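The listed protein sequences derive, respectively, from chains V and R.
Every letter in the first sequence is one number past the one before it in the working numbering, and letter 195, counting from 1, is 264.
Every letter in the second sequence is one number past the one before it in the working numbering, and letter 55, counting from 1, is 124.
None of these hints come from the bench; they were simulated from the model.
Just so you know, these numbers come straight off a predicted model, no measurement behind them.
One or more hints might be untrue.
As the list makes no split between identical chains, a pair holds if one copy fits it or if it spans any two.
[As the list claims (entries may be wrong)] Straight-line C-alpha distance at most 20 Å; calculated SDA-like pairs for lysine to any residue:
#1 323 to 244
#2 323 to 485
#3 403 to 316
#4 151 to 91
#5 323 to 214
#6 356 to 449
#7 261 to 147
#8 151 to 90
#9 151 to 129
#10 475 to 456
#11 261 to 297
#12 356 to 321
Number of protein chains: 2
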Amino acid sequence: MDVIDVRFPTSRSLDGSDAMNPDPDYSAAYVVLHADDGREGHGFTFTIGRGNDICCAAIETLADYVIGTDVDGPAALGELYKRLTHDSQIRWLGPEKGVMHLAAAALVNAAWDLAARRAGLPLWKYLSQLTPEEVVGCIDWRYLSDALTPEEALRILREAEAGKTERIAEIERDGYPAYTTSPGWLGYDDEKVVRLAREAVAAGYTQIKLKVGADLEDDRRRFAAARSAVGPGIRIAIDANQRWDVDQAVEWTKALAEFDPWWIEEPTSPDDVLGHAAIRRRLAPVKVATGEHVQNRIVFKQLLQAGAIDFLQLDAARVAGVNENLAILLLAKKFGVPVCPHAGGVGLCELVCHLSMFDYTSVSATMEDRVIEYVDHLHEHFTAPTVIEGGRYQAPAAPGFSAEMKRDSLVRYSYPHGPEWRSN
Amino acid sequence: MDVIDVRFPTSRSLDGSDAMNPDPDYSAAYVVLHADDGREGHGFTFTIGRGNDICCAAIETLADYVIGTDVDGPAALGELYKRLTHDSQIRWLGPEKGVMHLAAAALVNAAWDLAARRAGLPLWKYLSQLTPEEVVGCIDWRYLSDALTPEEALRILREAEAGKTERIAEIERDGYPAYTTSPGWLGYDDEKVVRLAREAVAAGYTQIKLKVGADLEDDRRRFAAARSAVGPGIRIAIDANQRWDVDQAVEWTKALAEFDPWWIEEPTSPDDVLGHAAIRRRLAPVKVATGEHVQNRIVFKQLLQAGAIDFLQLDAARVAGVNENLAILLLAKKFGVPVCPHAGGVGLCELVCHLSMFDYTSVSATMEDRVIEYVDHLHEHFTAPTVIEGGRYQAPAAPGFSAEMKRDSLVRYSYPHGPEWRSN
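Okay, chain V solo, but in the shape it has when bound (with noise of 0.2 Å):
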C-alpha cells in the first residue's frame, strides 16, 4: 500500500471559491493497493487542502485491516468494509464520521477498484451485475433498520431486474445527464459568470449552478445576470455551502426566489436535520439539496424520514465508499428522492458517476430530475477522465473506478516536496 498527499495549488485562481470556502487547494489522500498479482487498486478522499495529512495518516493507521486481505467479490468487498467501519478503539474517535471515515472511503474505493479491474469492468457495471442478494450483503444493515430493512432492499433490487439490460445498454449509447458549477464560483465576477454560463448553454446544459450566501446584493445581481444571459428555460441552482442559520436561509432564499431556483443546496450545517425539514417546508415550492458533507448512512436516513430534502447529493468518498453508497442509493429509492451526485473537486467526477450509472441500471430505473454535478478541474491528472459529450457524462468503459491519477501528476503535486510547492 502507499499513500500519498496531493495537493493542487487551486486557490491561485479561486477555482472552487465559495461563501464558506474562501481559497481551497483541492487535495487528495490519495492510496495505492498493490495486489499480488501486479495489478493495482486506486482511490482517495478529497479534500482542500490543510488536514490532508492527517487523512493520509489515518489511511496508513488503516493499513492493518486492508493489507494481506482478500478483495474478490462483493462479499469480500462487505466484509473488509466493515472491518474498516467497525474497530472498536477507531470507532470511538467518530463513529463513522470525520478523518476516520474519510480514510476508509479511500480504502474501500481503492479496493472496489482493484475488484472490478480484475473483472475487467468499469465499476458501475461491475456493480450492475452483482445480485440482488450481493448488492445487500455488501451493506452495513445496522441503524438502517427502521427505515429500510434487507428484505425491501432486496424487493428495490429485484425489481429493477427487468429491463436493466436494455438501461446499460442505454448508458453506454446516451449517457448520463449532468449540470455544471463551472460558472458560478464565487470569486469569479460578473462578467465571467455570464460568459461562462452562456458557454455552458451552448455546450449542451440544461442545469448550472451559482454559489451564492457571501452578500445578499451581490448574490442578486449575480442570479439576475445569470438568468438574463440563460434565459427562463435553463435551471439555476444555488448553493450556499452550509453558510446560513434556519430563518436567515429562508429570508434570503425567498430575497433569490424572483430569480427562480431550481434548489437550494446546503441552506445550512449539514447536521441540521430538523433545520433542513424547517427549511424545506417554509421554502416550498424552491426545493431543498443537501449532502455533500453528511457523514453517514444514519443522517441521510434522517433526511429522508424528516422529509427534509428534494435531492440527495451523495458523495463519493465522504462516506465510506461504495458500500455505504449502496445503502444510500437504496434508501434514496425507498423514500423517492431523486439522488443528484456532488461532484468537482479532483476527481469526484471521475467516480460519482460510476454510482448513478449504476442507479440507472439497477435501483432506481429512472433518471428523472437527476443529474450529476460536473465541474471542469484537473480531470487532465486522470488515467480515464470523464469524458462530458452535449452536457451528458459518457459512460467510463475501462475496467475499475476511474480513480487513478497520472505518475506524474502524483509526483508533481505531492505535498510538501513535490515541484509545484517546492517552487512556490
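Fit chain R to the supplied structure of chain V, relying on the hints for placement.
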C-alpha cells in the same frame, strides 16, 4: 506546545468493557501549552487506544492557531475557539466532528486551563465569575438561532445571578452528586457486579449504572442480581453503548423494565436524533439519555428540539471543549433537560465536574435529577485528582481545569516508547 500520546493498558483487566467496546486502552492525546510567563495549560482528548496518534497529529496541525496567541480572558478564548473550528480547509474534514474536533477540544481546554491558572481559580469558579455578556461572547452562535438566541442566553444567565454567591458556597461545602459506573462493566462476572454494587451504596451513591446490550439473558440475570443487592431505593441506569437499532432498543429495554431502569443510555447511534425520539416515545416512562458521542452543539440542539432525551450527557472533550459546552449547557437549560455529564475514561471526571458546578452556580441553578458519572480508574495519574466523599464530587480548589497528569505517568505510559509499553 508539547503533544504526547499517552495510553493506559486497561484492556488487560476488562475495565471499561461494554457492548461496543470490548477491550479499550484508555488513552489521551495530551497537550501542554507553554506560556511566556512560565505557566502551563494542560488539556487532552480522550480516546480508547488505536487512533490516539491521529488525534495527536491533528493537534500538531492546529498548532499555528494557538502558538503566539493571547488566551487571557473570555474574549480571547472565544476567538481562539472560533479560529480552531473555522479554518475553512480544515473544516472540510468535518465540519466540527471527528478527529479534528477532538483535537480542537484538547487545545481549547488547555487554553482555559491556562487562563484559570493565571486567574488563580479552579475553572468552575473562573467561569462562575464571568459576566453573562462574557459567557455569551464565548459561544459560536452559528446554527443555533432556531433554538436559542444570544438574547435568550443572556436572560438565562442574568436570572441565575441571584443566589450565585450562595450556590458557590454550597458547592464548596457539599460538592455535587455523583453516580458510579464502576460496578457495571460488561466484562465483570455477577459476583463482582453484586459486590461492587453493594460497596457503591455503602459508599453513599444513590445511583449506579450497568452496561447492557450484548446478551439479553445475561443482562436480565445481572440486572436482577444488582437490583436485589441494592434494593428498590437506588437508581440503576443501564447503558447499551449504541448497540441497537430502534425496534431492538425498544424491545430489549422493555425486557429489562421489570428491574426498574432509571434511564437507558445510548440505545442507538449517537447520530440518530429521530431514532432517539422514537425510542423515547415508545419507551415512556423509561427515560432516555445520550451525549458522550454527540459530535457538536448542532446535534444536541436537535435532540432537544425533537424531545429525544430526558438527560443530556455532555462530554468535556468530545465537542470543542469549554466554549461549545457553554452553548450546550444553555441549550439544556432552555429546554429544561438535566445535564448529567459523561465521565470515566481517563481524566474525564477531573474535567467534567467543573462544567456541572458552573451549570449549578450560573445556568440551571438546580441539582435536581442531576448527577455526574464517576468511575474509579486512573485518577492516580493526575496532580489534582477527583475527590469523592459520600457519593459526591468535592469542589476542585486548585487553580485550573484539573487536567494535568503527573510527569511520571506521562513518561511511563507514553506510546509506543514508554516503559509500560516497551515491556509488554
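Tested hints:
1. 323 to 244: Result: close neither inside a copy nor across copies, 35 Å intra and 52 Å inter.
2. 323 to 485: neither (45 Å within a copy, 57 Å between copies)
3. 403 to 316: Between copies only: 19 Å across, 30 Å inside.
4. 151 to 91: This pair counts as between: shortest inter-copy Cα distance 17 Å, intra-copy 36 Å.
5. 323 to 214: Between copies only: 19 Å across chains, 37 Å inside a chain, cut-off 20 Å.
6. 356 to 449: For residue 356 and residue 449, the Cα distance exceeds 20 Å both inside one copy (34 Å) and across copies (57 Å).
7. 261 to 147: Neither. Shortest intra-copy (46 Å) and inter-copy (39 Å) distances fail the 20 Å Cα cut-off.
8. 151 to 90: Intra 32 Å, inter 15 Å, cutoff 20 Å: inter-copy only.
9. 151 to 129: within (17 Å within a copy, 30 Å between copies)
10. 475 to 456: within (16 Å within a copy, 60 Å between copies)
11. 261 to 297: within (14 Å within a copy, 76 Å between copies)
12. 356 to 321: Within one copy only: 14 Å inside, 40 Å across.
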